[in-house]
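Novice: Here is how the chains run, residue by residue.
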Amino acid sequence: MASLHDQMAATGKVKLSKDMPQGVERLKEEHRKVVKDCRSQIEHWKKVENDYESLQDRLRTLPDKLSYDIMVPFGPLAFMPGKLVHTNELTVLLGDNWFAKCSAKQADALVEHRKKHVKNTLDDLQKVMKNFQNRADFTDDLEKLTGDTGDFADIREEVINEEEVTKGKPRLALKPNSKPKQEYLLELEEDKEKKEGDEERTTGVLSEEELWARLDELERQEELQDERYRLDSTDTNGEDTTSSSEEEKEADGGSDVQVNGHQKENGWVPSSITSQMNGTNGSHPEDEEEEDCNEEAGNGLPTIYFSHTAEFKKVRINTGKNTTLKFSERNEQKAQAKRKKKSGKSNGHSPHESYKITSPADIYRVFVDLVNGEPIPRKSILKSRSRENSVCSDTSESSTADFEERRAAFGRSWSHDDATHSDTSDGITEEESPTGTSPRTNGRFEAFTGTVIEKDPLPCSIPHLTIAPPALPTIPERKLEEVGPEAPQEPPKRMSKFKATRLHQK
Amino acid sequence: MAEAIQKKLQSELEKYQQLQKDVSKSMSARQKLEAQLTENNIVKEELGLLDSQNTVYKLIGPVLVKQDLDEAKATVSKRLEYINGEIQRYETLLKEMERKSEQHREVLSSLQQEYQRAQGQAVGKV
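The listed protein sequences derive, respectively, from chains C and G. Residue numbers for the first sequence follow UniProt numbering, so the first one is 1 and each next one is one higher. Residue numbers for the second sequence follow UniProt numbering, so the first one is 1 and each next one is one higher.
Accuracy of the hints is not assured; some may be wrong.
Said to hold, decoys possible - The calculated lysine to aspartate or glutamate pairs, modelled on EDC-like cross-linking and capped at a C-alpha distance of 20 Å, are:
id: 1; chain 1: C; residue 1: Lys101; chain 2: G; residue 2: Glu96
id: 2; chain 1: G; residue 1: Lys44; chain 2: C; residue 2: Glu222
id: 3; chain 1: G; residue 1: Lys44; chain 2: C; residue 2: Glu112
id: 4; chain 1: G; residue 1: Lys58; chain 2: C; residue 2: Glu89
As the list claims (entries may be wrong) - Reference listing, derived: stretches of chain G covered by chain C, where coverage requires no fewer than 3 residues with Cβ under 8 Å from a Cβ of chain C:
id: 5; stretch: 27-41
id: 6; stretch: 45-56
id: 7; stretch: 68-79
Hints were generated in silico from the structure; no laboratory data involved. C-beta atoms are modelled at their ideal positions from N, C-alpha and C, and glycine is treated no differently.
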């Protein structure tokens, strides 16, 4: 089924919607014909069997009397009274112009023998008929499946990073072996001794290898299917959600959070509303898909997109500094979910105020209390860590656990269409709302940056480092992109702050 | 130019059709042989069920000719072998004909393409 679906998706929807019914009709026609033929043949042979039965009865009763009075057929139109004699002597046609004289009992035995043949033929015919009946039913099901009728819904789960599934297990059979296929051959052609010999020799060894090979094949197939489906269902150009491209992108983004944030900002504005995507943001399309595709009926089947909000983290990058790599995907998702919730909550508010939030730490940085004109960051629920950076929180177990929770919460909230808030997300949104009002009143991104920048004088940041750790320095970097005037001052500050943090932590 | 191709196409088509007929004839002959094969098998088995006390007859024209049981068995076996041989012969013949028809099909398709191209050119010229 999947493969058929696959082909359908690959060859284009419009064309197939016309071809498929015709093809299916034709197939059903052929099936029905065969089934009808089988039925008629079965009837014929059943009649033959019945005739033989009655013949046997006659044979058993015939020798009871020495002679019978009967009406003898006389030509095609007349009968004549006569006698049936020598009731035990029969001339039996054996076939092919051969006759044999036998007694009634011997004839009975012959008839029995013939009946056996007839039974065999009948059985074969029945089997064929059942076979074709099943095929016809299958095509019926297929038609229902591909059309919008029926109770079938396709549940798809887009898995992006397949590589991590078999962590650590040795992929012995990664080579394109014919071994797994050989196994199937073996089942079918049991009389080929050579292959049997192969199987016997290598079953113990092959079983695991071929399993892994099979797994790999299936993974690859799934990946291909997913790719094709994504290409079909979304209208992106050059979108590529395979893990390799993500990695590439990450590598390109490199260790510079700034660049990443910049890209993201560009991506956010159109992407959160429409389904246009930046080619550079590979993970966005995927998010969009997951959010938007529930309504999509273009595939001819109600499709439920299921997404595991399981971990993306593949590589734990233990750094003190700026490597993001895998982590940023989660950041983006989280941020997007947060964004979605925010936009859900404040309808008038434009959702594309990108606060450049890539981690919970950023949240605490961004939403700060204004106390006496000096921004004081709220107490973070994150565990303070020496190395913790919004950029590379992969390094710590608990932080990742936190992130997992939150991300899971976000994930859950965004895989249903309405935002169902979990506890953690509630906590965060609560925090957002009071402080959020001040930025929201402005309604424009630039104004908000004003408040953020206010909070960022160097002396202020240092005492709060333990609470909202070295992520602080990064904010001005991002704001740098949006607010020009601040530019000259920030870079020198940034450097010093980093140093300061390091010094402070030590 | 186009007409020449058309003529060629026609002749090829006829040859192909002839081949197809031959193929179908051989097929039907082979099916008949198969029926005889099964029948003779049944006869052989039933002869096995009989004993020498029963007389066996063979129908030759309107006459039933008495036969010995063993003779009958031998005859039937020989006939079976003969039928098998015939079937083999027909098999090879069919395969040969199938191959030839395949070749003809290819030739036909190429000719058709040429013809279409020629037609296109003719239209272009006009």
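Novice: Determine which of the earlier numbered hints do not hold for this structure and return their numbers in increasing order.
Specialist: 1, 2
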